[in-house]
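Student: Here's the letter readout for the chains.
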Amino acid sequence: MRAYFETFKRYKYLLINLITKDVKLKYRRSVLGIFWSVLNPLLMMIVISAVFSNIFRVNIDNFPIYYLTGSTLFNMFSETTNYSMMSVLEAKSLIKKVHIPKYIFPLEKCMFGFVNFLFSMIAVAFMYIIFGYPIYWTILLFPVPVIYTLIFSIGLGLILSALSVFFRDIVHLYSVLLTAWTYFTPIMYPYDILNDKIKLIMHLNPMFHYVKYFRDVLMYKTIPNLETNLICISISVGTLIFGLLFFKSKQDKFILYI
Amino acid sequence: MDFCFLKVNRINLFFIFEVKGEILGNAIEVKNVEMHFNMSKEKVDNLKEYFIKLYKRQLMYEDFIALDKVSVDIKKGEVFGIIGRNGSGKSTLLKAISGILKPTSGTIKVYGAVAPLIELGAGFDLDLTARENIFLNGSVLGFSNKMIHEKFAEIVEFSELGEFLDVPVKNYSSGMVARIGFAVATMVKPDILIVDEILSVGDFLFQQKCERRINDLMQGGTTVLIVSHMLEQIRRLCNRVMWLDKGKTKMIGETESVCNAYESCV
Ligand SMILES: Nc1ncnc2c1ncn2[C@@H]1O[C@H](COP(=O)(O)OP(=O)(O)OP(=O)(O)O)[C@@H](O)[C@H]1O
Ligand SMILES: [Mg+2]
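So the sequence lines, in the order shown, correspond to chains A and B.
Numbered according to my numbering, the first sequence spans residues 278 to 535.
Numbered according to my numbering, the second sequence spans residues -10 to 255.
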C-alpha cells in the first residue's frame, strides 16, 4: 500500500499538469470560455423545461431545478466516461516514449470531468437564487453522491479506455448506449410515472441511485438510508475494482495497438 | 488496490537484483529476450470485424520475430552503441529496455532510473507550446513543477529555442523537436539515457553540444545507449558496440572491431 502511494505521489504533478493542460485547451478553443460551462446547462434547462412542462405536461414541482440537478450529475458521468474512453489512445505519444502507470490517463480525465462539473454547479447555485428555492442543511451532503458517481465513472472509464484501444468502434457504440442511458434515467421525467415492472428494472441502473441520492440531499431535505448507501457503495467500489483488474490485465498490450 | 501488490513485489525483486547488479557493476542485464509481433496483414481493430472473423474462423496470427534470443550486459557508466540495418530490431530492443514494450519471453533488468526514450517525433503534445511541453515532460519523469522551474532556464539555453518557446510544437522543425527532447531528458542526471537516432537530425553544432552533454553525463556515471546509423558518431562516443542483424545478435565487442566488421559486411 505504501509503495502504491509512493508511485502516486511521484506522478502527482503529472496528474496536475495534465488536468491543467486539458482545462487550458478546452477553454482556449471556445471564445466564451468558462462562462460557457455555466451557460450551457442553463440554456438546456430552459429548452427542456419549456418542452416538458408545457408540451408534455410533466407534473413535477420546480421542474427547472429537478431537471438541472439530475442532468448536471448525469453530465459529469457521461463526460468523464467519454473522455476516459479516449484517454489511452490520446496519450499514445507519451505511452510510446516512457514507462508510466497507464491508469493515470483515464483517472486524469475523470478529474477533468469533475472540474467541469464544479463549474456547472455554479449554474445550479444560480438557479437556486433566481427561483428562491429553499436551501436545506442536507445540501452539505452533496459531495457524497458526487463521490459515488465519480468512483463508478473511474471504474467504467478504465474498462472503456482499455477496450477502445483494441476495438475502435466501441466509441460509437458507447455514444449510442449513453443516449439510451440518458433516457432510461429519470432526469426529465419523474420516477413515479413508470409502471411497476420498469420501476423494478430501474433499480439495476446505477445512475438512477446516484441521481436520486443527489436530489434527495439537494432538493428534498432527505438523508438516504443505510441500505441506499450500501447499494451505492457496492456498485461504485465493485465497478472500480473490476475496472482496475481489467485494465491491468490489458495494459501491457496497449503499446502494440496504439 | 491491486496495483499496490504488484508494486510491492516489484520492489522486493528489484532490491535482490540490485544487490547482484551492484556487485557485477551492470546497469542493464538483458537475458534471452524474444519479441514477437503479430504481422498479419489485416489487423483487426474493431468489434465488427472481430466478430465477423471470429465467426468465419479467420482470426489470423502471423508471428514475426523482431528480437531473437538477445542477451547482453551493459555496465554502469558505459556508452553502449547498437548498430544494424533498418528493421533489425534496434528500436525494439531500446523500447524493451526502457519498459515501454514487454518482451514476449526473457528477462530485462534495469538498475536505476531511465530517462524517457529520445526518438524522432515522439513524446510531445503537438498542440501545446514548448514551454507547456517542458513541464508536461518533466512531470512524466516525476519532477515537481518547482524543480522544473529551477531547471527551466538551463533547458531553454541548451535547446536555443528562446523566441519559439511559446509557439505550438507542431510548427517546429524536426531538429527543433529533437533539441527540446534531448534537453528535457537530460535535465536531471538520469541513471540511464537512451537515444534512438536523434543525434543525426540536429545540425553540426547541436550534435557537438549533445556529444559534450553525453560525455558530461558519462563522467557523472550515467549509462548511455545509442542507436545511430552514423558510424563515425558511434566510433567517437561508444566504449562497446552491439551489431544486430534481423533480430539476432551478430556481434558484441570493442567499438572498432564491431564497426569494422559491420562496414566490411555492408
Ligand atoms: N508494433 C509493431 N508491430 C509489428 N511489427 C513491429 C512493431 N514494431 C516493430 N515491428 C517490426 O520489428 C522489426 C524491427 O523494427 P525496429 O523498429 O526495431 O527496427 P530498427 O532496427 O530500429 O530499424 P531502423 O534502423 O529503421 O530504425 C521491423 O521489421 C518492424 O516491422
Ligand atoms: Mg529504429
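Treat the hints with care, as some may be off.
[Stated by the list, open to error] Keeping only pairs whose Cα atoms sit at most 16 Å apart, straight-line, the calculated EDC-like set for lysine to aspartate or glutamate is:
#1 Lys489(A) to Glu504(A)
#2 Lys298(A) to Asp116(B)
#3 Lys489(A) to Asp469(A)
#4 Lys530(A) to Asp114(B)
#5 Lys91(B) to Asp469(A)
#6 Lys91(B) to Asp116(B)
#7 Lys301(A) to Asp57(B)
#8 Lys37(B) to Glu504(A)
#9 Lys373(A) to Glu252(B)
#10 Lys32(B) to Glu367(A)
#11 Lys369(A) to Asp57(B)
[Said to hold, decoys possible] Rough simulated footprint, nothing fancy, chain A against chain B, three-plus residues with beta-carbon under 8 Å:
#12 78 to 92
#13 200 to 209
#14 217 to 228
Keep in mind that the hints were calculated from the coordinates and are not lab data.
Because the structure is a prediction, the values reported are computed rather than measured.
Here a beta-carbon is modelled for each residue, glycine too, at the ideal position from N, C-alpha and C.
Student: Of all the hints numbered above, which does this structure not satisfy? Sort the numbers upward.
Tutor: As far as the earlier hints go, 4, 5, 6, 7, 8, 9, 10, 11, 13 and 14 are violated by this structure, in ascending order.
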